[in-house]
Amino acid sequence: MIYRETGQFKTSYRRDQAIFPIAQDRWFVVAALGVAFVVVPLVANEYWLQAVLIPWLVFSIAAIGLNLLTGYAGQLSLGTGGFMAVGAYAVYKLTTAFPELNVIVVFLLAGLFAAGVGILFGLPSLRIKGLYLAVATLAAQFFLIWLFNRVPWFFNYNPSGTITMPPRTFLGVMVTGPEATATVRYLVALSFVVVFALLAKNLVRTNIGRTWMAIRDMDVAAEIIGIRPLTTKLSAFAVSSFYCGLAGALVFSLYLGSVETLAFDITVSFEVLFMIIIGGLGSILGSILGAGFIVLVPIFLTNVPRLFGIEVPVDLAKEVEAMVFGGLIVFFLIVEPLGLARLWQIAKEKLRRWPFPY
Amino acid sequence: MSQGEAILQVQEVSLSFGAVQALIDVSVDVYAGELLAIIGPNGAGKTSLLNVISGVYRPQRGRIVFMGKERPRHTRPYEVARQGIARTFQNVALFKGMTVLENLMTGRALHMRRGLFSQALYWGWALREEEEHRAYVEKIIDFLEIEAIRKTPVGRLPYGLQKRVELGRALAAEPKLLLLDEPMAGMNVEEKEDMCRFILDTREEFGITCVLIEHDMGVVMDISDRVVVLDYGRKIAEGSPEEVRTNQDVIDAYLGVVHEEG
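So the sequence lines, in the order shown, correspond to chains H and V.
Heads up: the first sequence begins at 1 in my numbering, then just goes up one per residue.
Heads up: the second sequence begins at 1 in my numbering, then just goes up one per residue.
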């Protein structure tokens with residue numbers, strides 16, 4: 001009843017091409033942002049910020065990155081963890097080598113490093129497709145992790161092999177390191193998600209995004225209508241790796257604080273892939289929803305038995321969690337293969353007609 | 001229609017796949033502003049010829065001259081498109097995951113110049129470019145009478161409409177030469193009539209030269225200015241629809257020849 005677009009006439013192409021052409025959607029987004037930026041920092045406790053919201057946000061960026069490559073450009077990649085590691089180690093090397101450099105600039109540079117690496121490992125996509133490409137990107141994953149494990153220069157010859165984020169400030173506020181509060185780190189991560197989700201949305205609704213989708217849907221036809229496969233595929237790899245690298249940088253500096261390469265191993269690549277499959281391939285919103293799902297479900301599963309007063313041994317809980325998790329993914333793929341974004345869309349369609357679906 | 005100069009010259013092109021000779025010494029001139037039909041029995045090499053023209057196949061021998069310039073041997077299909085040759089496909093080759101509008105906008109990709117960063121910001125030049133191209137695409141949407149389906153994903157459209165959208169995507173590129181590979185295959189009479197009208201109007205309104213492959217002889221005889229007949233990879237006849245219809249070789253190719261003993 002409230003969610004109606006009646007009487008909202010679009011009088012220019014610009015209005016028609018807006019991300020949220022319906023006024024109610026715009027208000028909803030403003031409200032959601034208000035809650036995220038103002039209400040959440042006031043009410044959320046340390047546990048919620050550190051264990052739920054920050055990982056959700058930083059993995060959202062990784063999921064958007066992989067979705068640009070896999071969901072929009074149709075190039076399957078299993079190298080997400082590797083590209084995230086590039087971002088994390090780039091942040092470490094840059095902050096330790098140039099301590100005066102602004103930490104935000106460091107994050108962006110880390111993304112650019114990852115983009116360069118992404119282009120390099122995207123080159124095989126010009127020759128191979130589908131599962132074969134996935135195997136090639138798997139090589140990127142293993143090679144990069146091996147590199148960061150074996151070359152001591154990357155962790156500054158420190159005997160433990162662990163990299164730790166030094167404390168850094170932005171605008172006088174401690175952003176990283178043990179002194180930084182969870183609230184500040186949450187707000188920084190949230191800002192990055194908002195800005196880069198918007199940029200990604202802009203990319204996919206303009207020419208570059210359309211050429212990606214054209215390559216995904218039918219690469220032969222795309223080339224015949226004048227799209228150059230080389231630049232299109234490599235730009236998808238570059239942008240996607242930038243996002244993954246940025247996500248890796250934020251995982252390292254805002255979420256975990258100190259990491260080993262284990263934090264970016266192959267399971268991370270698979271988790272991010274699950275995020276975009278469950279969230280919805282070819283959807284920016286879906287990437288964020290999917291990241292939330294994958295981050296929240298394990299927490300939910302560990303807490304449910306406790307609610308009923310059942311004490312489950314930790315190791316058993318872990319096993320059950322893995323089983324339920326796997327089951328849920330299969331269930332999801334059968335019931336709604338297009339993901340959470342599609343469910344959201346259906347809900348909106350229904351709501352438009354409610355309560356008089358004539 | 002008076003014959004202008006040749007916009008495209010295919011000169012003695014031969015194409016083979018292994019031992020199969022798809023095209024043998026085929027020469028075809030396409031004149032500016034005309035509607036040329038290519039006909040022939042199944043497997044005659046019609047689509048192969050179109051694929052050679054649009055750069056998908058590289059012929060072993062022969063030259064292709066477009067707008068007075070000889071095409072270098074290693075020209076990729078996207079470069080051919082940028083020179084001004086657009087085409088449609090025998091089996092609809094739309095981008096299934098995208099809406100009609102997005103498909104047509106993608107057809108204009110080769111005219112878009114803005115870089116990644118300005119597109120990401122969706123500001124200034126990129127925004128203006130997007131609006132300009134949208135305006136052009138809307139002209140094509142009006143022309144093809146597909147206003148009502150502009151936001152529909154193409155996968156959901158009936159076949160006839162998909163064909164029309166595909167024509168629209170090719171027109172969006174503002175080509176000088178349009179190659180249509182069986183634009184009316186699998187259509188009913190009404191849809192065929194619509195399509196014929198759109199093809200004829202295309203020429204009137206946009207001044208685009210058309211090369212058409214079609215099996216429906218009625219359509220071919222009605223709308224084309226000239227007809228080229230291929231059989232087993234060779235050009236066996238060329239001329240006005242009237243000339244071709246009465247040509248003995250053409251009749252033989254379609255009906256078969258009685259081989260006399262001895």
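In short, the hints are calculated from the structure, not lab data.
For glycine and all other residues, C-beta sits at the position ideal for the given N, C-alpha and C.
Heads up, some of the hints might be wrong.
Label pairs and their calculated CB-CB ranges [said to hold, decoys possible]:
| hint | chain 1 | residue 1 | chain 2 | residue 2 | range |
| --- | --- | --- | --- | --- | --- |
| 1 | V | PHE143 | H | LEU296 | 46 to 54 angstroms |
| 2 | H | ASN303 | V | PHE117 | 52 to 60 angstroms |
| 3 | H | ILE19 | V | LYS96 | 33 to 41 angstroms |
| 4 | V | ASN188 | H | GLY116 | 51 to 59 angstroms |
Listed next, the stretches of chain V that the computed footprint assigns to chain H, with coverage defined by at least 3 CB atoms under 8 angstroms from CB atoms of chain H [what the hints assert, rightly or not]:
| hint | stretch |
| --- | --- |
| 5 | 36–43 |
| 6 | 57–71 |
| 7 | 74–84 |
| 8 | 238–250 |
Evaluation of the provided hints:
1. V/PHE143 to H/LEU296: 46 to 54 angstroms: holds (50 angstroms)
2. H/ASN303 to V/PHE117: 52 to 60 angstroms: violated (44 angstroms)
3. H/ILE19 to V/LYS96: 33 to 41 angstroms: violated (23 angstroms)
4. V/ASN188 to H/GLY116: 51 to 59 angstroms: Given a distance of about 55 angstroms, which is inside 51 to 59 angstroms, the answer is holds.
5. 36–43: violated (count 0)
6. 57–71: violated (count 0)
7. 74–84: holds (count 6)
8. 238–250: With 0 residues in contact (Cβ-Cβ under 8 angstroms with chain H), the coverage given for the stretch 238–250 of chain V is violated.
Hints 2, 3, 5, 6 and 8 from the earlier list are contradicted by this structure; the remaining hints agree with it.
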